[in-house]
Amino acid sequence: MKLQSTPKLLLTLVVTLIVTFQAATPVSAALTDGLVAYWPLDEITGCNNRTPEVVNGYDLQPYFGGAHILTNFGPDTVYLTNDAVRGNAFFWPNPANGNNRSLLGFISTSTNDLVPVNRYSPTNFTVSFWVKTDNTKNDIRIWTEGNINNNNPGIDIGATGSSWDFFQRQQGLGAPFLEQGDNHTLGGLIAFEFEPTWHNITLVQEGNDPATNTAVRRIYVDGMLDPIPLPNKNPGLWDLNTVAVGGWLRAGVAATVSMFNGAIDEVAVWSRALSEEEIAQYIAEGITNEFTTTAPLQIAFFESDLGLIDHGDSVTLTWNASPDVTGLFIDNGVGDVLPVSTCGAGSITVVPTGSTVYTLTATRGTEVQTATVSVQSVPPVDGWKTIDTFTLSEPGELGNQGNWTTVAAGFSGPHNQPHVLSSPDGSNKFIGLDGDHLATAAFLGANSVGAGQSNTLFFRFYIDPSINDMDPETTIIPDVDIYVGIGNKQIVDEFNYRNGANGPEIQIFRSTFGTGGPIDLIAANGSGTGLFFQYLFVNPEGLQVGKVYNVWIDVYNTNNDNTIPASAYYSVHIQREDEPTRTTLFTDFVTGDAPGAETYDRVHIAASQNTTPQGTNVVFFDDFYLSANGYNASVPVPAGSFVVGTPAAPAGITISPTVIRTGNSTTISWTPAPAGSYSYTVQRRTSLTSGDWVTVGSAITGTTFTDTTAASGMHFYRVTSP
1 MKLQSTPKLL LTLVVTLIVT FQAATPVSAA LTDGLVAYWP LDEITGCNNR
51 TPEVVNGYDL QPYFGGAHIL TNFGPDTVYL TNDAVRGNAF FWPNPANGNN
101 RSLLGFISTS TNDLVPVNRY SPTNFTVSFW VKTDNTKNDI RIWTEGNINN
151 NNPGIDIGAT GSSWDFFQRQ QGLGAPFLEQ GDNHTLGGLI AFEFEPTWHN
201 ITLVQEGNDP ATNTAVRRIY VDGMLDPIPL PNKNPGLWDL NTVAVGGWLR
251 AGVAATVSMF NGAIDEVAVW SRALSEEEIA QYIAEGITNE FTTTAPLQIA
301 FFESDLGLID HGDSVTLTWN ASPDVTGLFI DNGVGDVLPV STCGAGSITV
351 VPTGSTVYTL TATRGTEVQT ATVSVQSVPP VDGWKTIDTF TLSEPGELGN
401 QGNWTTVAAG FSGPHNQPHV LSSPDGSNKF IGLDGDHLAT AAFLGANSVG
451 AGQSNTLFFR FYIDPSINDM DPETTIIPDV DIYVGIGNKQ IVDEFNYRNG
501 ANGPEIQIFR STFGTGGPID LIAANGSGTG LFFQYLFVNP EGLQVGKVYN
551 VWIDVYNTNN DNTIPASAYY SVHIQREDEP TRTTLFTDFV TGDAPGAETY
601 DRVHIAASQN TTPQGTNVVF FDDFYLSANG YNASVPVPAG SFVVGTPAAP
651 AGITISPTVI RTGNSTTISW TPAPAGSYSY TVQRRTSLTS GDWVTVGSAI
701 TGTTFTDTTA ASGMHFYRVT SP
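When we follow the numbering used here, the leftmost residue of the sequence shown carries the number 1, and every step to the right adds one.
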């Protein structure tokens, strides 16, 4: 085994320290005490998709892209090299060369896992690794812990400019995951771009109050304590479930983001604070023990590419279980999927027979693990693919229902949530936005708009008249700033959408410092050109409140044509509910996102606070569709009610004194319920005071019903709503 030399001055200091330590205090002979993870980074297993963690089996795998797709090792992603501290190391080529970058990550699916260490109490731990890079870039990740379901929390050691960089962020989460702040600390002992050689970096965290989980931190470079102080750990725990090297494995962010170029070797994690003597010993000797371990059976993930489809459409189910799993079975007619799996990972395309919950069962000996994924199915509409009509959505926070993914918290702080709302009679569901600072996206899966394709995105919106109401306490009338469109921007924070370049989209906008006024519809023609369409130029009254607007965005993805300096052309048409035909607002605008081999794979909605807060549930959205092929100018489905409310029995329903009996048919009429749009249910029984009421008509929107099922005799009727 070869140990690469560090610069002479540092090597002399390290050796001197070792001698001094050995003379004063015996060095621990058990570096494995408290060792919870050790990645030698020496090999790729026969599974060809992981490099082993030898203590507890927390193997690292190569992930690529915002969807964190498992990929392969290779010269354009990440590969083994014998230029190492011990054995081999992994090397990441320079991203400037256009490589498809991948990080190496582990996703924890059990709180019994001992990593990531930052999420646990007590708060003592040590992380040590070797790195070699000539980095000159900023904010490049070397070792990280994050959350696959939340892009916000994270701790990492990276390279920024010429030195190491410690970064932490935990915002917008309640107890026990308390706010930790957002900061960078730049180290002082290293200059990467001037010293492209191997360096050991060791982070030590030592708890100082078990009751609050606070701790102090320090970093050692090649065994020397860096004099730059690190921020102390504040009270609380961390919401983490991933470990990665070469990038940050977190929700919605591509594995290519913040990746460094260079090599990493010998990553070790302890659940205790190593002494300076032990750090020196690890640098000099490494971990020499032999380990034999079998990690518990696990299913890292079981997913569907789409959460909502049309009847008869297919979905792709993807899973990743332990590599030595001996059985993999999916119910609901799918069957044994072990033959189509490699090292526990695989995928299969299926056609659900309706809304279905699939269960994946993994077995190994007597061990059994299960995971489920839900796919909703709705009736198809000719010429269209359903993105969502919210018919099957549960009222309350939209969250990740159907095809949607919603940001809970981002780098700019906690985010509000869109809510699934219902009309009072339950006849329509739609979404409202919970004020400002919100981002959500519906993924399109196989229906994405690829290079060279033309498609139409359809949706409708409704601006509630309450948007013009003044708050009696603040005397502010809500502003509004909402982006809606189709693109491929990572859904990590609402702030990302404020600078445009989001793909084909419209912006519903009013910013008058709380004084009210007309509401505009804006669309950009290019990025940074200063060219915009503004609806107020066409109609100074702006968008009308209390009216439903249908919107068609025609998209032509030009990304297969390098001669066109745009990612897409787009045109927008709208139709107000009381207008006989739609109006073309503009045609062939260019998008602001840069050209390239891109696919528009998600529909986004983002709301931001511009100057004054926008009201909650003052703009509603419904009926998102994408054309099956080419442009489509039709209306997929009629608009439903956008009146918000919970069903309540209206007062004043009176059955008319006139009840008409004709043959076996009985027609009854009633006065409508006041103040509101309701549906009615008609029930019947043969006694006024006893017996069960039998429903003979439901979801009646008029005030007359004919019962054709009543036999001769006496019958009593009642009408209820809802």
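Because the hints were derived from the structure by calculation, they are not lab data. Just so you know, not all the hints are guaranteed correct.
[Stated by the list, open to error] Label-pair distances were calculated between CB atoms; the ranges are:
#1 Pro540 x Asn234: 51 to 57 Å
#2 Ser634 x Thr81: 37 to 43 Å
#3 Pro540 x Val334: 54 to 60 Å
#4 Pro229 x Gln534: 22 to 28 Å
Each residue gets a CB set at the ideal place from its N, CA and C atoms; glycine is no exception.
Which numbered hints turn out to be false for this structure?
2, 4
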